[in-house]
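Novice: Chain by chain, the residues:
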Amino acid sequence: MAILVDDNTRLLVQGITGREGAFHTGRMLESGTNVVAGVTPGKGGQDHDGVPVFNTVQEAAAETGANASVIFVPPPFAADAIFESLDSGMGTICCITEGIPVHDMMRVADFIGTKEATLIGPNCPGVLSPGKANVSIMPRDIFAPGRVGVVSRSGTLTYQIVNELTQRGIGQSTAVGIGGDPIIGTTFIEILGKFEEDPETECVVMIGEIGGNAEQLAAEFVQKEMQTPVVAYIAGFTAPEGKTMGHAGAIVSGGESTAEAKSEALRGAGIRAATNPSEVAELVSETLGG
Amino acid sequence: MDLYEYQGKELLRSYGLETLPGIVAGTPEEASRAAETLGGTVAVKAQVLIGGRGKAGGIAVVHNAREAEEAAGRILGMDIRGHTVRRVYVEGGAEIEKEYYLSITVDRAAKKPLILFSTEGGVDIEEVAETKPEAIVRTHVDPLLGLLPYQVREIVFAAGLSGDAAKGVGRTLNHLYEAFEGLDASLVEINPLVLTKDGRVLTLDAKVTVDNSSLYRHEDIAELHDVEAADPQEQRAQEVGLQYVKLDGNVGILGNGAGLVMSTLDVVAQAGGEPANFCDVGGGADAEKISTALDIVTSNEQVESVLFNIFGGITRGDEVARGLLSAIERSGIELPIVVRLDGTNAEEGRRILAENTPENVHTEETMLDAARRAVELARGTRDSNGGR
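Same order as they appear, the protein sequences are chains P and E. The numbering of the first sequence is my numbering, which starts it at 1 and goes up by one. The numbering of the second sequence is my numbering, which starts it at 291 and goes up by one.
One or more hints might be untrue.
For each label pair, taking beta carbons as the anchor points, the in silico distance ranges come out as [claimed, not checked]: (1) E:514 / P:74: 23 to 33 Å; (2) E:342 / P:80: 50 to 60 Å; (3) E:342 / P:267: 51 to 61 Å; (4) P:18 / E:452: 53 to 63 Å.
If we take Cβ atoms under 8 Å as the criterion, some of the chain E residues that face chain P in the derived model are [as the list claims (entries may be wrong)]: (5) 402; (6) 442; (7) 499; (8) 501; (9) 506; (10) 509; (11) 547; (12) 553; (13) 560; (14) 565; (15) 601; (16) 603; (17) 604; (18) 654; (19) 658.
Hints are computed from structural coordinates only; laboratory data are not their basis. Think of the CB as a built atom: it goes at the ideal place given N, C-alpha and C, for glycine as much as any other residue.
Bound-form chain E, shown alone (with noise of 0.2 Å):
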């Protein structure tokens, strides 16, 4: 779950990591107070769960509340990749001497955290990686030891840094460990830290990702999931327990278990056709879950055929037909469908769906066969629909 710049600022905080006092704002007039409250220069930058919002222009640097009220209405309603900017963050401003990046991530391959630290702050930290790469230290912590006070110091001392700026990311880094750990984070960003003219090493940007499996014992960060930034249909499909991603063809895709079903995308994407969606309806047969899941794809107005992928494994083929013939028929859907069943007793699924199914259901025998028709019926509806 990745959160606000505000709302990583206010758990980093709770650590002990310094920020500049800053004000969330849903209005232009909000923006406008929020500044007069903060007084001098401001910066109000649009809150947005994708990065890029700076060369989007949704940074503005004001030095009244005129300006910042222009700025926030500015800002307020952009879109940013595609993410519509419903609040601004108002945030004081500081004499920056120096900028420098600090992350911590889940390092996959080594199974541990890792500890990105650079004094090339403020700029994308691939391209240093690229570039630069002498510009980055890199240290993995032991997850059972914790960050130890030595390697704090050769990260500092690998960097170059004295001084003041030594010990405040000194200070800064291990914050932002504990911060990393008692969050559950999978990855927590400062891009830009920054050395102020006086001294302080304060938090200037922040991303903050907390682990999914997680919230379970973070009922706090939990509360703060956006839901009028989720696509409703996502947001739907979370509710109800299913894996389901919206895309942006004209295919719905439904079936059991994550491979198979990002399998079926990729092979209706070589058969000529654009996936809709991703829907991982689970093991089973639940008639109700299918329904459900059906619903939520065919509600996607993009979708003019839908493709069924079911492997029957435990759940047995027969019985994977009758519960989707009942969710069928239960969401009354009049799309195009495409069965596709392979798995154990999947001749007997076939010949179930075969003899009992309404117009509009085909069924396939192999998953290359299912996509070329689902695409096909696809382009039929559209063609029908004079082009829609």
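Okay, chain P solo, but in the shape it has when bound (with noise of 0.2 Å):
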């Protein structure tokens, strides 16, 4: 099992004739993903690495069965690719795209309110199911099947982790990353319930940073309906007030937002926080084990 992405997901790339997205479907066809389809408006009729490129997703959809998307479309047409996506019955859609303007997805996620589909990113690495899906721009090759599910605001720091997880012989059911945006389209809540649903999943790597209040919900949900242990850790500790921090999302802006403030929010959860990456595998080696 895995949540989000699976044996059964048909993928479809919006953007696939860009750098970007050209790029990245070649490693998601290399990791066996099923990619059936491409979205190039202008481009229909040709094909790229042997996938058919549409002209809209309507006709993608239509013609190919595609039931998730994934998108590499600039920041000033990626909230109508997500529009185009949610219209044309996407389950899930990984937006990878940086840099959309948050009035943009706000109403991108308003609308969401009104369709039966799941929106990871904007402004996020995507989702890796290892052995079954790789809808993302994750390095593959740090990945093992597993038991761990892994969800995270920040690339780098997942892969990082992830590394050391693997290196311990502990491999990972799917590995989520939402996205660094101050709106993005699925919190944790939303993935932890999911993992929480998923019987293969016996113990979720939450990675968190400064900015907004998401690892306090968290925190409260984690405590309230989960029965799968949780790891934490959070990022961000000697980030100075009202500096974004690389991510559009991470910014300490009072009370809240602060690392101090979402470690102990978690820990008053009774869940497991390291104070650096490596403890991570430590942790979640230990929960394991005992």
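Using the hints, build the complex out of the two chains.
Specialist: Laid out in structure tokens, this is it:
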């Protein structure tokens, strides 16, 4: 088992002929992902790495039965691409694009409420279920199939932690990068809920950072709703107030948004919180062993 | 992107918000002329991109041009929480009956705009939220529908307003929401919004933050960016597309990926050191980009050692190592550099570094060891420089 993407995923790539889209489509195909279609307006009829390209998502979905999409469309057009995917019935949508205006994302988030769909991102590395499907820009070589679910606001920090898990012989069920923007389609709680329901996920690693209060809401959820143990890590203790630390959403703006407040909330909810990335793998190892 | 009060007000005026007449001044003489033009009692207000200017003495109410000149002379050049005052805003006076608070922000958890209105204006809203939460009216707006007339009525009545106040605040709310949306703002805050004795509702102070990601469609606002107020290293990093934030310590830090770099800063602090900066060089192993980043990090004179924390993902460790060596060579840096390389092909990468590195470059396998080493080396540099 896995969450969000697996052997049944029929993937469509929006922006397949762009530099990033083309490069990562190749990598997703190499990982054995079932990439059934690509979309680039005006380039319908071509093919890319053997994947047929269509002008619209609607057409691609009708022709190929695509049920998930991944978006590599530049920021000014990315919200429109998400709307298009939503309107064409995609069940899982991963938006990799960084730099989408916040107001565009508020409108997208509003519209999703009317659809049966899960949006991951934007500004995220995507979703990878080792051995099943790779709908991401993550380096697949560091992953191994297994029983630890990973959910994170950060890309490379996820890679760092996954790599240490794999080196200890601990595989992953699914790794989900939920994105570093202030407004994202899916937050910790929804992913934690999916891992809780997945019988093969025995432990979840949650990687948070400064900004917002998603970690506090997650802590409450874990305490009330989850049996599966969670190990957490928060980055950004040394971040100054009012400065954006790389991710648009990583900014300390008082009270709840600090790393201290988040760690405190996690520990208060009985969640084991590591003080550095390497300790995460140790804590997971202990959790699974005991 | 944060805007100065005078810039924010000018933008808000274009959406129909009412303000007092005001003139920007960069010298005491200009302030004197501005006061004369405006006439009567005026306020001389420091223009800085940080709160707390009132408490810091950055606002003066004066009665004539001579006093305005004196006040500007005192306020210009003042340091307010690390921000130098280079301009004042000279603004006309008004007879105030009542002060309110009004803001619209992006509520990240609700994923919607959030309006906050309070009849307790002119004070810190976080304080009001703690001591008198019932005095704050909170309303979420559906971004696809916009602010609806009934919501405006709800806010106004919940706050207990009537007459001129109700009408004026209602009108202000509508205009402010239009501005919030039209400017792609992540924050518009009016504190205080005032009711004057003659029944007008005026924007007395304005804080406007525009979403950086939207600046491509607001060229006029992007041009307002104050290059002089920015830290020179931050400014240069921005120009070359690097994510860089300057801090106060002496360990320069670079890495790939915002989360990993933030975490590196934390680990350096845990090892007893003080990070000098945050710098995300992004993916890939582009030697030119890395050497520019190294250059920016080490141009901060406080930096006494550099920690480079790289995770090789799609770009393999051996490619990263070659890119890094070429970047170090190109930049000609003599400060001690600690490199920690992990991820895909990390061993190969470390071997390449070990065989080819100049004397000032040290390699470590783990983040913790690398952080400890960088902190020690920073101390060593300081000692050999006679405690600089």
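Novice: At a threshold of 8 Å, is the proposed contact between residue 509 (chain E) and chain P supported by beta-carbon distances?
Specialist: violated (13 Å)
Novice: Checking hints one by one. Is residue 601 (chain E) an interface residue toward chain P, by the C-beta closer than 8 Å rule?
Specialist: At 5 Å from the nearest chain P Cβ, residue 601 (chain E) passes the 8 Å test, so the hint holds.
Novice: Does residue 501 (chain E) hold up as a contact with chain P if the rule is Cβ-Cβ below 8 Å?
Specialist: holds (5 Å)
Novice: Are residue 342 (chain E) and residue 80 (chain P) spaced within 50 to 60 Å by their CB atoms?
Specialist: violated (41 Å)
Novice: Please verify that hint: residue 654 (chain E), Cβ, nearest Cβ of chain P, below 8 Å or not.
Specialist: violated (13 Å)
Novice: Let's test the interface hint: is any C-beta of chain P closer than 8 Å to that of residue 402 (chain E)?
Specialist: Hint holds; residue 402 (chain E) Cβ to chain P Cβ min 6 Å, cut 8 Å.
Novice: Holds or violated: is the Cβ of residue 603 (chain E) closer than 8 Å to a Cβ in chain P?
Specialist: holds (4 Å)
Novice: Tell me if residue 560 (chain E) is really an interface residue toward chain P, meaning its C-beta lies closer than 8 Å to one of theirs.
Specialist: Hint on residue 560 (chain E): holds, closest Cβ of chain P at ~7 Å, below 8 Å.
Novice: Regarding the hint that residue 547 (chain E) lies at the interface with chain P, is the smallest CB-CB distance below 8 Å?
Specialist: holds (3 Å)
Novice: Return the status of the interface hint for residue 506 (chain E): holds when the least beta-carbon distance to chain P is below 8 Å, violated otherwise.
Specialist: holds (6 Å)
Novice: Hint says 51 to 61 Å; check whether the CB-CB distance for residue 342 (chain E) and residue 267 (chain P) agrees.
Specialist: violated (32 Å)
Novice: Have a go at the residue 499 (chain E) hint: is there a Cβ in chain P nearer than 8 Å to its own Cβ?
Specialist: At about 10 Å, which exceeds the 8 Å cut-off, the nearest Cβ of chain P leaves the hint on residue 499 (chain E) violated.
The structure shown violates the earlier hints numbered 2, 3, 6, 7, 10 and 18.
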